[in-house]
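**Q** Turn these sequences into a full structure, and let the hints steer you where they fit.
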Amino acid sequence: MIPKDPVMLLSFLNLKLRDYYKSAEAMYEDLDLDRSEIEEKLAAIGYNYDKEKNQFV
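Everything in the sequence shown is counted per the working numbering, starting at 1 for the first residue and increasing by one.
These are calculated hints, taken from the structure and not from any lab test.
Careful, some of the hints might be misleading.
[To be verified] Label pairs and their in silico Cβ distance ranges: (1) M1 with E52: 17 to 23 Å; (2) E52 with K4: 24 to 30 Å; (3) P3 with N48: 14 to 20 Å; (4) D50 with E29: 17 to 23 Å; (5) D50 with M8: 15 to 21 Å; (6) E40 with M1: 26 to 32 Å; (7) G46 with L15: 17 to 23 Å; (8) A26 with V57: 16 to 22 Å.
Glycine is no exception: its CB is placed at the ideal position from the N, C-alpha and C atoms.
**A** This is how it looks when you write it as structure tokens:
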């Protein structure tokens with residue numbers, strides 16, 4: 001289960017990206033997450049995925 005709160009979600013996803021996944025695509029697939037839903041929630045608080053940094057910034 002992933003956090004519903006956008007700020008907690010940001011922290012959760014960045015931790016997963018840092019420690020377990022080489023890309024957001026791999027994370028979305030492995031955790032069976034809806035990419036557009038996640039990215040919309042984080043964009044609403046001003047964060048977008050940075051492929052080079054492999055994190056939401």
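**Q** Hint by hint, which ones does this structure get wrong, listed from lowest number up?
**A** The structure conflicts with hints 1, 6, although it agrees with all the remaining ones.
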